[in-house]
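> What follows is the residue order along each chain.
2 protein chains.
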Amino acid sequence: MAAPNPSALAMVPFVSVQDMMRIVNAIGPRQMLREICAYIEADFLRWETFDKTPRIPAHSEEGVIELMPTTDGEHYGFKYVNGHPANMARGYQTVTAFGVLAKVSNGYPVLFTEMTILTALRTAATSAMAAKYLAPKSARTMAMIGNGAQCEFQALAFQEVLGIDTVHLFDIAPKASEKAARNLADAGLKLRICASAEEAVAGADIITTCTADKQNATVLTDNMVGAGVHINAIGGDCPGKTELHRDILHRADIFVEYPAQTRIEGEIQALAADHPVTELWQVIAGQKTGRSTERQITLFDSVGFAIEDFSALRYLRDQLERTGHFVQLDLLADPDDPRDLFGMVNRAKESV
Amino acid sequence: MAAPNPSALAMVPFVSVQDMMRIVNAIGPRQMLREICAYIEADFLRWETFDKTPRIPAHSEEGVIELMPTTDGEHYGFKYVNGHPANMARGYQTVTAFGVLAKVSNGYPVLFTEMTILTALRTAATSAMAAKYLAPKSARTMAMIGNGAQCEFQALAFQEVLGIDTVHLFDIAPKASEKAARNLADAGLKLRICASAEEAVAGADIITTCTADKQNATVLTDNMVGAGVHINAIGGDCPGKTELHRDILHRADIFVEYPAQTRIEGEIQALAADHPVTELWQVIAGQKTGRSTERQITLFDSVGFAIEDFSALRYLRDQLERTGHFVQLDLLADPDDPRDLFGMVNRAKESV
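Quick note, the sequences are listed as chains A and B, same order. Residues 1 to 352 (our numbering) make up the first sequence, in order. Residues 1 to 352 (our numbering) make up the second sequence, in order.
Don't take each hint at face value.
Here are the computed lysine to aspartate or glutamate pairs in the EDC-like style, where the Cα-Cα straight-line distance is at most 16 angstroms [to be verified]:
id: 1; chain 1: B; residue 1: K52; chain 2: B; residue 2: E74
id: 2; chain 1: A; residue 1: K103; chain 2: B; residue 2: E62
id: 3; chain 1: A; residue 1: K103; chain 2: A; residue 2: D318
id: 4; chain 1: B; residue 1: K349; chain 2: A; residue 2: D19
id: 5; chain 1: A; residue 1: K175; chain 2: B; residue 2: E62
id: 6; chain 1: B; residue 1: K103; chain 2: A; residue 2: E62
id: 7; chain 1: A; residue 1: K175; chain 2: B; residue 2: D336
id: 8; chain 1: B; residue 1: K175; chain 2: A; residue 2: D337
id: 9; chain 1: A; residue 1: K103; chain 2: B; residue 2: E74
id: 10; chain 1: B; residue 1: K103; chain 2: A; residue 2: E61
id: 11; chain 1: B; residue 1: K52; chain 2: B; residue 2: E62
id: 12; chain 1: B; residue 1: K175; chain 2: A; residue 2: D336
id: 13; chain 1: B; residue 1: K137; chain 2: B; residue 2: D165
id: 14; chain 1: A; residue 1: K52; chain 2: A; residue 2: E279
id: 15; chain 1: A; residue 1: K349; chain 2: B; residue 2: D186
id: 16; chain 1: A; residue 1: K52; chain 2: A; residue 2: D72
id: 17; chain 1: A; residue 1: K132; chain 2: A; residue 2: E294
id: 18; chain 1: B; residue 1: K349; chain 2: A; residue 2: D186
id: 19; chain 1: B; residue 1: K190; chain 2: B; residue 2: D222
id: 20; chain 1: A; residue 1: K349; chain 2: B; residue 2: D19
Derived from the structure by calculation, the hints contain no laboratory data.
I would like the entire structure built from these sequences, with the hints used as guidance.
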């Protein structure tokens, strides 16, 4: 007797890196950023329905591997993500990721996907969503300090969602800024490569910091941040890694994703454990005020949270039919009789 | 310019259900059980080198989804596993699983695999390993109470590792026992289908309980367990799910994998939090005594622990070259310049 082909129950849609690139290019990166932003916003609006836990890290000398699970009671999602600052010099990505969405009712996965690219998209979409509530309404110019893998995604998200038209690029590696300028050449943005962080922040309404060193660096000093600016701090995202001088934190109103995680990983790890912060979801839900004055300095201390990945997974799953860019993986054992796992294996012998 | 094909860095070996069945049949289930048993034993011997944490559960009314991570500092492994008792009646597996092995030094996955079948193998291999240290040396007869998906794997593991030659089968569903007897017909075991649990345990040196109801059931009562018996309790593996009458626990010397997890999930959830238990790894390492007298009742209160999955992943990875049964998945984004993730996506446009 031949082994039956795997049934539909055994199959999980898989989005490879190649398929993810096809999906991004089919939808268009800016439209995809806007749509993911809307999914994240919808999930932040129902924040209290989610099961929330700080990510589960495995730290080593070289970096960290983390699992980030969450569930809304209907679906369960998790992301596997590593952070290895020394990887780039060795030709590997600092951050790679993959993720899974599953049905809570039966525990079966419904999507397995690369998430290196998807994380880049969701991180930028989250930044833009926060800035909708926190940046000055008239903001048109953004300084981008750190022009690594996240840079172009941030620029396009802020252009698409906020109407940013000018980006000041600065990186300690000039090649990184040149790479970003080249990739954004046709985006319809005014781009300026700057020789210093000071030059980049001059005239900027929004300052995005996104550097990768695993240390307490000072990318922004206090005198560089003028009244009315919104700071979108992306790179302070693990213990011992911050980007902002402490004095800035004391002048700013601070907004975070999930305080229990941000106090360990974010810029505010430098502050007292009870330093007041506002949860971003409460601003979106209208329970708390975002930007209230023109001269206020707002800071989104972003470390990335599992719900954002959940939203991105949910979004991606909804695009599978529309784009067709996925394959089915035979991931789940599905014997005709659920009790007969051994028999399924045994009968497969005859079909080899 | 055409998008380059994914480089070797982007690729992760994937073992599908079909490939896992090919691997099991190429190596042979009994040899594979013995070899996995040896890998688990080697890892239990170096127990203290592992980062250990109770599994991370997401409970719902219908069941549970869990992540089980661990690392030995060189490799990192985790398993995704669900447990949904109502699944079987709906034609789904009660337990399905998949897992990942990754390198700690750079965070890159080196193996992605189905683990429904692999979990069945490692569970049985762990049971047999424990019984090597805890069962009477002369044991030849095992009672198997609960003849579901785990049953045949247990029978073969005990035959291969301990030299069991007789198995008494009992299940409240006679069809389950018939299925097991059919699958084991050519195994060289003396099989007897029993009409009751009492009949099954009569004359058995080892009693394996492996039922699936999510409730505090009493599969074994006190009067059914005679002196000198080894109990291999598999099915009590989540809060609110036990199989043994409490009186048995008080007569037995109890051995566990990881107390912090077993006290929540195992048979001993019914006992005081400080009830004495022995960690199995200490017996294997010669630090504690296993079976010390002929009349002693030993109980392996098995709930499954992440290190066993880690061992199984490590074993499977070592078989990939030998068997060739895997495919490469394009899971990791690998731009030529690690900073140029956006450029990689953008350039792929031209190759669609």
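> Hint by hint, say whether it matches the structure.
Do the hints match the structure? See the list:
Using a Cα cut-off of 16 angstroms, the hinted pair B:K52 and B:E74 holds, with the two alpha carbons roughly 14 angstroms apart. With a C-alpha separation of about 11 angstroms, the suggested pair A:K103 and B:E62 falls inside the 16 angstroms cut-off, and the hint holds. With a C-alpha separation of about 14 angstroms, the suggested pairing of A:K103 with A:D318 holds against the 16 angstroms cut-off. For the hint linking B:K349 to A:D19, the alpha-carbon distance of about 11 angstroms falls within 16 angstroms, and the restraint holds.
Between A:K175 and B:E62 the CA atoms are separated by roughly 53 angstroms; this puts the pair beyond 16 angstroms, and the hint is violated. Among the hinted pairs, B:K103 with A:E62 is consistent with the structure: their alpha-carbon atoms are about 11 angstroms apart, no more than 16 angstroms. Only pairs whose Cα atoms come within 16 angstroms are accepted, and A:K175 paired with B:D336 is accepted, the gap being roughly 14 angstroms. In summary, the hint linking B:K175 to A:D337 is supported, as the alpha carbons are separated by about 11 angstroms, within the 16 angstroms threshold.
Between the alpha carbons of A:K103 and B:E74 the distance comes to roughly 33 angstroms, so the proposed pair goes past 16 angstroms and is violated. Restraint check for B:K103 and A:E61: the C-alpha separation of about 13 angstroms stays at or below 16 angstroms, so the hint holds. In summary, the hint linking B:K52 to B:E62 is not supported, as the alpha carbons are separated by about 27 angstroms, beyond the 16 angstroms threshold. A C-alpha spacing of about 14 angstroms is found between B:K175 and A:D336, which places the hinted pair at or below 16 angstroms, so the restraint holds.
For the hint pairing B:K137 with B:D165, the CA-to-CA distance comes to about 13 angstroms; that is within 16 angstroms, so the pair holds. Between A:K52 and A:E279 the CA atoms are separated by roughly 14 angstroms; this keeps the pair inside 16 angstroms, and the hint holds. Note on A:K349 and B:D186: the hinted pairing holds, with a Cα-Cα distance of about 14 angstroms set against a maximum of 16 angstroms. Distance hint between A:K52 and A:D72 is fulfilled; the C-alpha atoms sit about 9 angstroms from each other, no more than 16 angstroms.
Using a Cα cut-off of 16 angstroms, the hinted pair A:K132 and A:E294 holds, with the two alpha carbons roughly 14 angstroms apart. Our distance criterion of 16 angstroms between C-alpha atoms is met by B:K349 and A:D186, whose separation comes to about 14 angstroms. Among the hinted pairs, B:K190 with B:D222 is inconsistent with the structure: their alpha-carbon atoms are about 27 angstroms apart, more than 16 angstroms. This hinted pair checks out: A:K349 and B:D19 have alpha carbons roughly 11 angstroms apart, not beyond 16 angstroms.
When held up to the earlier numbered hints, the structure conflicts with 5, 9, 11 and 19 and fits the remainder.
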